[in-house]
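Chains as they are written, first to last, in this note's numbering: chain E, 1 to 174; chain Y, 175 to 1183; chain P, 1184 to 1658.
Simulated from the structure, these hints should not be mistaken for lab results.
Note that the coordinates shown come from a computational prediction; the quantities given were computed from them, not determined experimentally.
Possibly wrong hints are sitting among the right ones.
What the hints assert, rightly or not - So the derived list for chain P, only partly shown, Cβ under 10 Å to chain Y, looks like this:
(1) Gly1260
(2) Phe1528
(3) Val1563
(4) Phe1567
(5) Val1568
(6) Trp1598
Backbone N, C-alpha and C define an ideal beta-carbon position, used for all residues, glycine too.
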Amino acid sequence: MRRNFLVAVFPDEERLMQAVYLVREEKFRIYDVYAPYPVHGMDEAMGIRRSRLPWVALVFGGLGLLFGLFLQFYTVVLDWPMNVGGKPDNSTLAFVPISFELAVLIGGLATVAALFVRARLYPGKRECLSEPGVTNDSFALVLRQRDASFDLSRARLLLEESGADRIEEKAAAL
Amino acid sequence: MNQNERAGAVDLSCRNAKQQLVRIGEPRYWKSVEELWNGPTESGEFPGGLSPDSRLQRTEDSRRDFLSLMGFTVGALGLAGCRAPVQNAVPMLAGSDQIVPGVSNWYATTCGGCPSACSLVVKQRDGRPIKIEGNDKSTLFGGGTCATGQATVLSLYDGERLRGPVWKGQPAKWQAVDEKVMESLRAAADWKRRIVLLSGTINSPSTLEIVNEWSRRFPTFRHVVYDAISLSALRAANAAGFGQGVTPHYSFDQARVIVGLEADFLGTWLSPVEFARQYAASRRQEGNFSLHVQFEAGFSVTGSNADVRVPVAPSEMGLVAVAILRRIALKAGAAAVPDGPEPRVDAKKLDATAAALWSHRGECLVVSGSQDQSVQVMVNALNSLLGNIGKTVDIARPSFQRTGDDVAMAELVEQMNRGEIHTLILHGVNPVYDYSEPQRFLRGLEKVALSVAFSDRYDETSEHVHAICPDHHFLEKWGDAEPVATYFSLAQPLTAPLFDTRSAQESLLKWAGHESDHYTYLREFWRRNALSRGIADQGFDAFWDSFLRDGVRVIPREPSAPAGTFRGGWEAAVRRILDEHERSQASGPENYELVFYESVAMRDGRHANNPWLQELPDPITKVTWGNYAAVAPQLARTARLSEGDVVLLKCDRGEMELPIFIQPGQQGKTISVALGYGRKRAGKVGLDSGVNVFSLTSVPSPFRRFAASRVALEKTGRQERLATTQSHFYMEGRPIVLETVLSNLRNAPASFESKAPLPTLWPEARNGEHSWGLSIDMSACTGCSACVIACQSENNVPVVGKDQVQRIRIMHWIRIDRYYSGPEDNPATVHQPMMCQHCGHAPCETVCPVHATTTSSEGINQQVYNRCIGTRYCANNCPYKVRRFNWYNYTESRRFEFNSNRALARMVLNPDVVVRSRGVMEKCNLCVQRIQTAKNLALQGMRKVIDGEIKTACQQACPTEAIVFGDLQDPGSRVSRLQRSQRNYRVLEELGTRPNVAYLKKVRNTMGA
Amino acid sequence: MSATTIPEISTSGEEPQVLRPPRWVEGNPSLQQITDEIARPLEMRPGKAWWICFGIAFAALLNLVGMVTYLIANGIGVWGLNSSVGWAFDITNFVFWVGIGHAGTLISAILLLFRQRWRTSINRSAEAMTIFAVACAGLFPAIHMGRPWDAFFILPYPNQRGPLWPNFRSPLVWDVFAINTYFTISLVFWYLGMIPDLATLRDRVTNRSRRFVFRLLSLGWNGSHRTWARYESVSLILAGLATPLVISVHTIVSMDFATSVIPGWHATIFPPYFVAGAIYSGFGMVLTLLIITRQTMHMERYITMAHLDKMAKVTMFTGMIVSYAYATEFFSAWYRGEFYERYHFINRVTGPYAWCFYLMVLCNVVTPQLLWFKKIRLNVAALFVVSILVNIGMWFERFVIIVVSLHRSFLPSSWGMFYPTAIDVGILVGVFGLFFACFLLFIRFLPMISIWEIKGVVRSDSTSQAAGRGGIAHA
């Protein structure tokens, strides 16, 4: 189904920031903000909750560690013990480096994977740009007209006040 | 016909084997061999081309497949293929207990490597000899061997051997050659022209009998014995002194004081294996530890073992002998020795030596290898004054190990040049290479109507003779030997003759018109012999078979003459020595003296084409592949020479260019050069390795001297890198070889529990029912290097060549580290056999990423070749640096034309040991294949492995029993007891490696010195 | 470019950090300008300088291919190694290149955690350097084996050989895991950082095929701030993981030697010593590369003297840590009183390879001291020379540690010398070819400076938000 959006384009981050504060005071829900680089304080301004991705890193890192320890213990102690330099079969200290490396490897890869999943980034995805310049030098604030209760004229007014270069309504199939 | 005769003659137990060994001589078989060596003409079912008419071969395929499955190499398989009809003589259906594929047989025989004629037991596998070992039934030689003896098995598979008889440079048929020779012999007999058999030392009674038959048959026949390095002077002195021109049989084991004058009796002189064995026996810690004083110019193996070594220039050796005699004579109250100059050596040492000798009258021994008859007279005088005759010096039962006669040889060369020799038969000699006047001999040879050589190859001499009738390799022929009077040793073939060769004896018999072949003749000879001496009481066959089985027999007989008493008359000799010394004094200061010696590896050069020997590091200098001029460090400094500088040595006999080797302990004014190198026609391997210096040795006058005086030395400015395996001589004060002094040892408690190993944080490893270990007695080790070749032969260790040795890539699994201590002009020496120490806590194992090396349940540090990926981390982390890496494909690459890349030479490989591929690490594994064999036998016998049952190759070869292998878990085993001895210690123990290999401290006898 | 534009930041005490944060970009370019200037080299044809450099590098690369082929065809024997010295150029190069890599991760990860904003203009190329260096390093463990075709034995894959597993007690196996992890994580980190820039390029290139590639790689990035937020936290997580990783990697490499028994290897100081050395050599290489790119690609605006100055200081600092480690080695050898150890260090300074040791000291102990002088830190040519010396010195450090320790170990009987062969030298040179070829292609086809991070810096500079807020846009 087609949805209607209100896209306001700004030349710099200050005015964008201003607009974000204004529209949120008026209880407008911000659909998203687009910028060529991460803008300071935008998280607070938009009221984005802290990402939970660190937990992914923690959990998978832990799994990696355990896997490393298990792999070495199983192969060297359980499956096929051998007398290597008279050392005890379970030379745990010698297993530390590899366990650590596996923790980092698996933890890191899992986190990045999680990001791609969460942010729906995948090869060959067609980008949908609110405004052609957002990856270069312009900034965009996008409101979504969810239903009739959305006061279009009020929104336009606020955005104009905060100094948008251009305001246009767009419809996109999402 | 005689085949059945023979088959009937042998006892049941080994009939089939004998049949096999005998049947091999069938002509049909030879054809296929020739085809084989011209490349297999047929393929498929009968590789090597079996003559299709033989019905027997139909049954052949299954076994041939079986053999091929047993890891035969292509060439070996080809040969197995064409030996097929022979093996048919032992059909598997008959269940032969002799030829079981994959199971080794051991046959007693006699070594043909040199005239010492040691008794051997040879390992035969699937019809081919692959390993030579000493025959421990021999009371003379024991189980030991020398490096040369160990290596002879490789010479059997030498691709340079002639494939058949040669007439004037063209391959011929035996019949044709025989006719030519016999024709010439008839002619010579008719016209009363001289026939001469020029041979090396022959101590085979049956062969000597054949020679006698010749002299009976041909009145003009004469037998001349020529040894490149003979004992003529000694024999002449004995002829003068005792009325018997013989080489006495020495007993070093009876001697408590041993004085050697330029006699390398532990390395090369007369009978090194026997002497080394006696020597070690006389120097056991318990019992009478003998004192050994050695006077010599160059550094010999013997000198390196002496308690007191005195460097003496050859020109002064006579003076030394005189000086000692003078002192002894004084003590003995015998006629005073005329005054004369004292040698330039420490008089105190001479006094001490004389005192020691005198205090052990009758149980001491003076030997000299000098070719100066006067010196030998001195030695005889000393031995008789000291009452050693009949005790340590046995003239009644002499040695026949070197009977060469310089005088006769010189005379022969004269006659040849005068054209008086009609037919000359050369047997086991190569005068064009090793006579002092090769050109003169050659000119003489050209004047001979017919010259025949029994050489097994084209060599410097045989390439000039009319007919070459190649003799068998000694592993292919029957024979007997009497190295020392009353000590007999039999020789039997270990394999079918590989080529169309014929034993020299058979040729001689044929030409003398005998119908019977050599085997029959030999047997008949012994039948007569045995019956005449009444030793075959329970029938000759029984005697013969037991004799064959044991290989050795001591058959007492009346001494030909009573033990001669010394006739004195040495005053003249003393005067001669003094006069000669006067003359030699003329030489100015800038003149040096040359000393020529037999090197342990090359000896007289007959084995020059044997890569194992070429690559055997000299026990002292550790140089391989070639000879060099050894000079003292002092001389090198004054002449501003550094190692590898090529110098031009000029003496009145000629000149030669040699690289310099700086040898601590070398007498200051002398330069030592090894004989036996620089062969011009021996084969790819031996060609141009080193320089031939035989031509510089003096002309017999009357005896050939191996020294030259008034030698000038010039730098050429060229450099030649020596291929040495050990560049650093000194131990840097590290506790690697520990020594002790006899007196300390005597005072110390007889034996005590050796120190407990260092504490460890780790649990003790689970051990199986054994934990194998070695004990190595550095007091017994003479450095003779027999173990090195034995290991190489047992474990298929590749030869890598001069270039690779220079790059420190020699592959030997056991090396003998040699360290000096003390002053550089006369240092003390130690030999330390070093192989994998089989550490309980092995540093190499921990670092291997793929578990390619681990400790076995029996304490062996094992290397898994097919798992190894070649990171070399283990070698880096090995404190003993005993691991060897296959830098190239040594065994197959064409770059390494030494042994195992040729199909023929691959036949010597031990099928029980993997041939390592390129890029893998290898090292000593305590001959694990031998351990397995013994364990299997024990299993079949439902018994435990007996201590001493298993011998590693190095241990077996060692004539002095310096290496002892055994189970460390059995407290009663010999190795355990040795490792509890007070001399026991482990190398680099402080690293916590816990080696299973332990060493016994070197003991030095300082009394008298 | 004159010294007057250098911001007043000095580590010396008398002059406290000024409130105004240093400006890490020259002038005050607009966002459009930044995009244009950094994307320029990708869009225009490469200059003569680039072609010459690439030509040389590629020639060396071809030489490497030839040499390695010859090596594998014939065997390790073509090197100068022997029974005494089982490792020489091969492992020296390995350790050298692994070390080089470390600076990249340090700049991209550790400095990120420390909110060091000057890293922004150099981290992209530094990370690229890391990846190429580790790739070069990875070549050696593979080709130094006697049987490289069996290299997979090292991996713990299920098999029917017993089953046989690798020996997890062996530092070589630790190496395998460490190097692979390090390479993978660095690669991911590098790529992740590039995604927004790839999107930027996607939206500006005209060429259809290039756009297709950039679209494929940029994963449909559209600058959504919700994504930015997650993106930044992931960058931080990766940085947090990469920091201990980079330290572990060279620690493990040092354990190849530290866990052995050989005098000169068997030392507990090795891990910190090696890590410091790695960072030192890495910064040396970063300096070399950045000076080259800065001059050839005219990036003076973004790679300012201030950057070079900072890196020079880090180099000097780590250099002094390394010098300290050298001293400590000698001290502990003397203090420990263990015979073989002592002999080793005597041999190190008096033995046949002493010249290597003195060269090393000259390059790694003396040279860094020059960087005390601002004149030298601000002189591009001088810095370039210093950086080259640092590289040479660090190569020789590894050579000394490996070869000098091996050539005279416990038993004098097995002492020997190592002489390199033509193949040894050829491979040494060839690997530099591989490295520079990769790097030159990188600066040709990918944004060598992180566009989006620069934009962030420029913004925070221009709006001159105080140093306290520091860090690129909360990164």
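Go through the hint on P/Phe1567 and say holds or violated, using the shortest Cβ distance to chain Y against 10 Å.
-> Violated. Min distance 37 Å.
Hint status (Cβ of P/Trp1598 to nearest Cβ of chain Y, threshold 10 Å) | At about 5 Å, which falls below the 10 Å cut-off, the nearest Cβ of chain Y leaves the hint on P/Trp1598 intact, so it holds.
Minimum Cβ distance from P/Phe1528 to chain Y below 10 Å?
-> 14 Å, violated
Taking the least C-beta to C-beta distance, is P/Val1568 closer than 10 Å to chain Y?
-> 35 Å, violated
Taking the closest Cβ pair, is P/Gly1260 under 10 Å from chain Y?
-> 3 Å, holds
Closest C-beta approach of P/Val1563 to chain Y relative to 10 Å, hint status | 42 Å, violated
Comparing the model with each earlier hint shows violations of hints 2, 3, 4 and 5; every other hint is respected.
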